[in-house]
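The lines below spell out each chain.
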Amino acid sequence: MNAPLTLAHYMTVAGLLFLIGIFGALTRRNIIGILMSIELMFNAANINLAAFDRFLHPDGVTGQALALFVMTVAAAEIVVGLALLLAIYRGTDTVYAEDFNLLKG
Amino acid sequence: MIEHAYLIPLIPLAASLIMLFGAKEDPHSPAPWIGIGAMAICLGLSLSILGAVMTGSVSVPYEHNWHWFSFAASIAGKPFLYDMPIGVLIDGPAALLLVVVTLVSLMVQIYSIAYMHEDTRYKRFFAFVSFFTAAMLGLVVSSNILVGFLSWELMGLSSYLLIGFWFEKDGPTEAQKKAFMTTKLGDSGLYLALLFIFAKVGSFQITQIQQFIHQGYMTPAVATVIAIGILFGAMGKSAQFPLFIWLPDAMEGPTPGSALIHAATMVAAGIFVVARLYFVFLAAPDAMLAAAWIGCATAFLAAAMALVSYDIKRVLAFSTVSQLGFMMCALGVGGYTAALFHLTTHAFFKALLFLGAGSVIHSVHTNDMRQMGGLSKKMPVTFLTMGAAILAIAGIPGTSGYFSKDMILANIYHANRPIFWIMLLTALMTAFYMSRLFILTFWGDDRDHEKYHHAHESPFLITGPLVLLAFLALVSGYMLNRNELVYRLLEKPTITATASTEAHGEEGGSAEHHEGHLPHGLHLALPLLVLGSIGLAFALYKGPKYAVADRLKTKFAPIFRVLDRRWYLDDAFDALVVLCDQVATLAYWIDTHIVDRVFVDGWGLLMRIVAEISNLLDALFVDRTVDGFGGLSLDLGVGLRGLVKDGQVQEYLMYVAIAFSLAATLILTR
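Protein chains in written order, with my numbering: chain D, 16 to 120; chain B, 18 to 687.
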């Protein structure tokens with residue numbers, strides 16, 4: 016049980032996390048849930064970034080720094096998303112995704 | 018003086034333009050004196066040139082050229098620069114003709130002061146005469162046949178203007194059109210000849226063409242074609258058979274204008290051009306023979322017509338045609354000197370005859386000789402001067418016409434016997450019809466008392482020129498013939514032995530002098546025959562009723578009718594025109610009804626049918642296919658869109674995920 020963690024382990028975790036995120040984004044009716052699932056996918060990608068950096072370029076911290084930037088961008092994005100959601104909710108009194116079809120063409 | 022020869026055509030040209038545009042029309046206008054002064058200056062210049070040429074103080078041919086224009090062309094791929102100079106070329110004939118033309122024109126203009134003074138277009142007449150003379154002088158002095166052709170055409174224009182001078186009447190307008198079109202027909206031949214010359218020689222310079230032939234570069238075939246073209250031009254201008262039809266009608270113009278046309282300018286031009294380019298003819302014996310026969314036919318046919326005409330000017334016109342026939346015939350048999358000699362003497366006595374006839378017409382106001390008669394008592398000066406001219410043209414020994422006509426006949430005698438006999442007969446006919454004119458007009462008693470009563474001698478301005486011309490008509494032949502001057506002055510051009518069949522140059526001048534004399538018997542018999550012919554005229558036309566002639570006329574009515582109808586040549590030309598018109602109408606009908614209908618319209622219809630079929634195929638197959646593909650794409654798009662529920666974000670996301678995973682799978686498993 017003391018075998019060392021390899022890149023494959025990290026990628027498996029990240030893949031599972033991404034699938035969970037996809038599943039959540041596709042199935043949740045509540046938009047807040049969808050946003051949370053998207054955050055999960057972000058984090059899966061971040062894990063991958065950090066892991067690749069750690070295993071392929073052990074000398075530097077570029078990938079990990081990039082992961083920090085992605086987190087910042089994700090935070091900013093989620094703020095925008097929540098602001099949009101708030102605006103929609105004020106107009107339509109609902110937070111369910113199936114009711115939002117204003118952009119259908 | 019000869020270096021100012023270029024002024025000779027330019028001065029009358031300037032004078033005519035000044036008179037035409039600068040002067041006002043007025044019966045007492047002094048404008049004509051501009052033309053007369055200009056012509057007098059030209060006459061002085063010409064006389065000094067002739068004097069210099071005769072005494073030999075200038076060497077002829079004198080040529081001086083100025084740059085006119087040049088143009089580049091590529092011949093067989095090589096660049097070549099054509100130079101076209103403009104200049105004067107004075108040789109013996111040109112010098113002599115300059116004097117003749119300016120002198121006759123001067124006489125005509127002085128005469129016209131009196132003759133035309135009642136006309137409403139007084140100064141215009143003088144402007145035309147000056148212009149006409151300028152054109153002729155341009156032709157005479159030019160060293161370049163392109164300029165010569167230009168003058169030639171300007172002369173055609175001038176004759177048109179002069180013949181139709183009284184354009185209010187129908188006759189002159191018809192006559193001017195006839196003259197213009199007939200001469201134009203001849204001009205087309207000359208034009209083709211010029212094109213041919215330029216194509217062969219590459220130059221319009223007379224001396225260069227002569228050089229070209231001298232070196233034997235021109236084959237007889239080419240020379241014949243060119244010579245026939247030139248001859249055709251001369252046939253139109255110098256009124257040779259069958260193009261002489263315009264000249265009798267040209268009598269519709271004012272009489273001094275006729276005198277100018279007949280003596281100095283228009284008709285002399287054709288003979289002069291043939292003489293100027295005589296070396297071409299020398300290289301083309303066939304064309305020479307054609308010229309001889311055309312001249313012979315012209316002389317005979319015209320003289321026959323003159324026998325029966327009662328219009329005094331018509332008789333003179335036919336006589337001009339006949340005399341021109343003599344000249345052309347002489348040129349045709351190689352009598353270069355004789356032809357130009359006769360051209361000179363003929364100019365004097367024919368101008369005199371026309372001016373005298375004008376004086377008569379001016380006095381009795383009719384052209385019909387049957388209404389004249391006995392005018393010798395009323396118009397003694399006209400009578401005597403006309404008498405001198407008649408003697409000259411009939412060929413009484415001592416007069417100018419005797420020498421020149423004798424020389425022509427001698428030349429023909431040595432060259433072509435059949436032509437000689439015809440021409441001898443024609444010469445006797447000439448004596449007869451001129452005597453007839455003289456007798457009917459001046460002799461015997463008056464026939465029309467009223468006209469006779471009003472007749473009077475013309476003023477000095479009319480009789481003065483008559484007297485001077487009569488003097489020249491009598492003595493010019495002797496003066497020119499003395500010491501063989503005419504042979505030196507009008508020396509026949511030669512072409513070198515390589516191009517010529519006759520070795521003319523080797524035998525020198527004596528051979529030609531021999532050609533200039535008839536055998537002794539004929540030489541003595543000729544004047545007697547002429548006198549006999551004159552006597553016959555007296556016998557037939559004596560008395561007021563000329564009963565003998567009338568009896569002959571009824572006896573030989575068919576012949577008289579043929580001659581009166583001018584050998585039916587006018588009718589032949591009319592018929593030709595009508596035929597051409599009918600052919601053209603037929604061609605038009607064929608064009609509109611057959612060519613247009615069948616070929617043009619039919620082809621159009623066929624094309625339209627093909628186009629309709631093509632259109633149908635297009636609509637049926639091609640368009641359907643294109644539309645089908647369009648419709649298919651549309652249907653496919655609509656169908657695919659129908660699979661997607663409207664506006665559900667998560668559904669879209671699912672498709673994205675599915676597509677993405679499919680793509681990823683495809684890429685990764687490859």
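By construction, these hints were calculated from the structure, which means they are not laboratory data. Nothing here was measured: the structure is a model prediction, and the numbers come from that model. Treat the hints loosely; a few may be bogus.
What the hints assert, rightly or not - Distance ranges between label pairs, derived from CB positions: (1) D:Arg69 with B:Val643: 51 to 61 Å; (2) D:Glu92 with B:Val643: 25 to 35 Å; (3) B:Gln665 with D:Ala60: 23 to 33 Å.
By construction, the Cβ of each residue, glycine as well, lies at the ideal position given by its N, Cα and C atoms.
Consistency of the hints with the structure:
1. D:Arg69 with B:Val643: 51 to 61 Å: holds, 60 Å
2. D:Glu92 with B:Val643: 25 to 35 Å: violated, 48 Å
3. B:Gln665 with D:Ala60: 23 to 33 Å: holds, 26 Å
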